[in-house]
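*Asks:* The listed protein sequences correspond, in order, to chains A and B.
By my numbering, the letter at position 51 of the first sequence is numbered 51, and the numbering carries on one by one without gaps.
By my numbering, the letter at position 286 of the second sequence is numbered 622, and the numbering carries on one by one without gaps.
Hint data in this document are derived by calculation from the structure and do not stem from the laboratory.
Please read all numbers here as calculations on a predicted model, not as lab measurements.
Using N, Cα and C, we set each Cβ at its ideal position, and we do this for glycine too.
Among the hints, a few may not be true.
To give a feel for the contact side, a few chain B residues facing chain A, derived at Cβ under 10 angstroms [claimed, not checked]:
1) Val370
2) Met492
3) Leu495
4) Ile529
5) Ala542
6) Ile597
7) Leu599
8) Ser631
9) Thr661
Taking CB as the label site, the calculated pair distances span [said to hold, decoys possible]:
10) B:Trp484 <-> A:Arg329: 43 to 49 angstroms
11) B:Leu671 <-> A:Tyr99: 34 to 40 angstroms
12) B:Glu646 <-> A:Arg228: 34 to 40 angstroms
13) A:Val37 <-> B:Glu646: 54 to 60 angstroms
14) A:Leu182 <-> B:Thr649: 42 to 48 angstroms
15) B:Leu463 <-> A:Leu127: 51 to 57 angstroms
16) B:Pro453 <-> A:Leu182: 48 to 54 angstroms
17) A:Leu178 <-> B:Thr649: 29 to 35 angstroms
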Amino acid sequence: MSDTVAARSGTLARLGASLIGLVFNLAERPMALAQRVLGPRRLPWVFLTPNLVVFGIFTFLPIAIDVYYSLTGGAQLLPADRPFVGAQNFRELFECESYLDPTSCRRDLFWFGIYNTAEFVVLQVGLMVVFSLMTALVLNRKILGRGFFRAVFFYPVLLSPVVVALIWKWILQRQGLLNAALDGAGLSTVNWLLDAHWAFGWTVFVSIWAHMGFYTLILLAGLQAIPRDVYEAAEMDSAGPWRVFRRITLPLLGPNLAVVVVLALIRAVQIFDEVYVLTGGGPGSATTFMVQYIFQTAFTQQVRQYGLAAAASLLLAGVLFGLTLLQLRAMRSKDR
Amino acid sequence: MKRLLAMLTARRGRGQLHWTDWASYLHLFLGLLVMFGPVLWLVLSSFKSEAGLIEFPPRLLPYEQARASVDGYPQPLPLFRITAGDFKGRELAEVRRIGLQAQMVDPASPGDILRVPTQDRERVMRLRFALENYADLAGKFSFGTYLWNSVFITAMATLITLLINSMAAFALSKYRFSGRDAIFVTILATLMIPPTIILVPNFFIASTLGLVNSPWGVIWPGVATPTGVFLLRQYMLTIPDELIDAARMDNASEWRIYWRIVLPLSAPALAVLAIFSVMWRWNEFLWPMIVLNKSETFTLQLALNSFQGELTTSWNYLLAMTVLTLLPVTAIFALLQRYITQGIASAGVK
């Protein structure tokens, strides 16, 4: 039985390979022609073309169109039909009586999004880096089943955001596992996702749960790159563990830590998927973040305000641009 | 805090377990519970019947009230064990319930109706895996369509990703031409333009190209990836140029050199990129949600999201579908864990 399955999948693999071979063979003639016509100097551009065309259409052109959308109004998707309004969209986003009070703003949801995102980023990145570092330090010790535990911490990273959200929604629902445990312990149950503070807390927790394995792995690689003899020398000097951590581990891990912090920041600012499925941004606007504001403004409301969404996108892009520059700097200092 | 850090940095004393080792294992087992417990709970729950799911407090395993077919009754009747009174110790089936009294029959002698106060009985529970949660998916929810959409998008996108990024990487690693470094930097610079900030214009472009509600609308925007180009270029740089020069001596065309020599030698890097691409595509959510609006074009992730948003969510089917969605990723992880973790540790990509 399994033999036939193996044989069949073998045939299938061969079939697939010969199909791919056929495609490459078919490309042979036009490519040979291109080589003859263009000469060896210009041939690399032929190899680059498909990639650059996709980047051009779906990455660089959109930036330009984004700017155009942000300067035009109306609900039309076609740029030619959109009236030019100048900086009106930006003015509208920033129209506030007091920037400290989102409810006083014309686009209050935008400001709720900003405040929520800021709070989320600080909490999530801070806690996640601490947890990842603790876990990496533990996994770096000589322990039984190290590979197994590393896999356990990493596994959620691969799960889709929708699956992550549903796993936790099922646990946090009113009659879910967590409330059952609280009930069993004689405590009162909570409607976790319908209480603004708890819901926000759970979005932080769930996103840490889903992503910390990734950062743990990077930090673990950094820890393993620290030479053993440094620790042996410290042991000779009978330095205490706290001292070893402060004076050896932390400084030598510093560059990796910087990369982890910046990567985590970039991702946290763009938080959307798992939160959207878990809470839908609610209750109220308690867990509505920047990307969700852009998504809703452009795609889910009756009147599709592409201009406002594009303006908000560009503001987000500015933040991400700054963070990416930080990332490049952190990576360069890591490589040095 | 000091003690905590001591626990985390100290290493094991010779011979016996230091207390810091115990603390480490505590951390790991708590981690096991928190990281893996929820997934296990999802899988166990997905085998529960609808009645089993609304039970509070929930049981760990999918128990369900036993039922017995009794002569003279069309439906199987729920079984109870009698805990007090005249019939104590017997297992009876409930015919109907009137207030605090239940009319019950002995399945062995279905003729006599016995009256039992409801407080004198408890349900007979039996372990049963509700496989119908899975079996029903095919017919009820056009699950097959969603599965096919997801598989098609994942497979096509991954093939194209491998092809065009390896072509670009080949040009950037094996040729010297003016503008090469500028192009490489430009490609890397696209890291600064994550998809979340170009949603609106990309939707316009997709609709102009007629890609809305088409799987290709999901596939195309993501196939050129800076991560892929970077990964492959770095790997191809390690392939010795002598091999290529030798092939040129034999009059091989440049295209032939690319796909007969450089591609096979880059297999490890291609494998890493393929794994990442499969993960990205299988799990993708926000962009597909924008570009796919008709339910017959939904991917599994979109289908899951739209079912969970319905007012009357059938959790038994939703959970089964969630398990099926995480299955391929789990299988890939189990088989290729080494490559994935090494790829991340070395390139820092996800």
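*Asks:* Which numbered hints does this structure break?
*Replies:* Hints 2, 6, 8, 11, 12, 14, 15, 16, 17 are the ones this structure does not satisfy, whereas the remaining hints hold.
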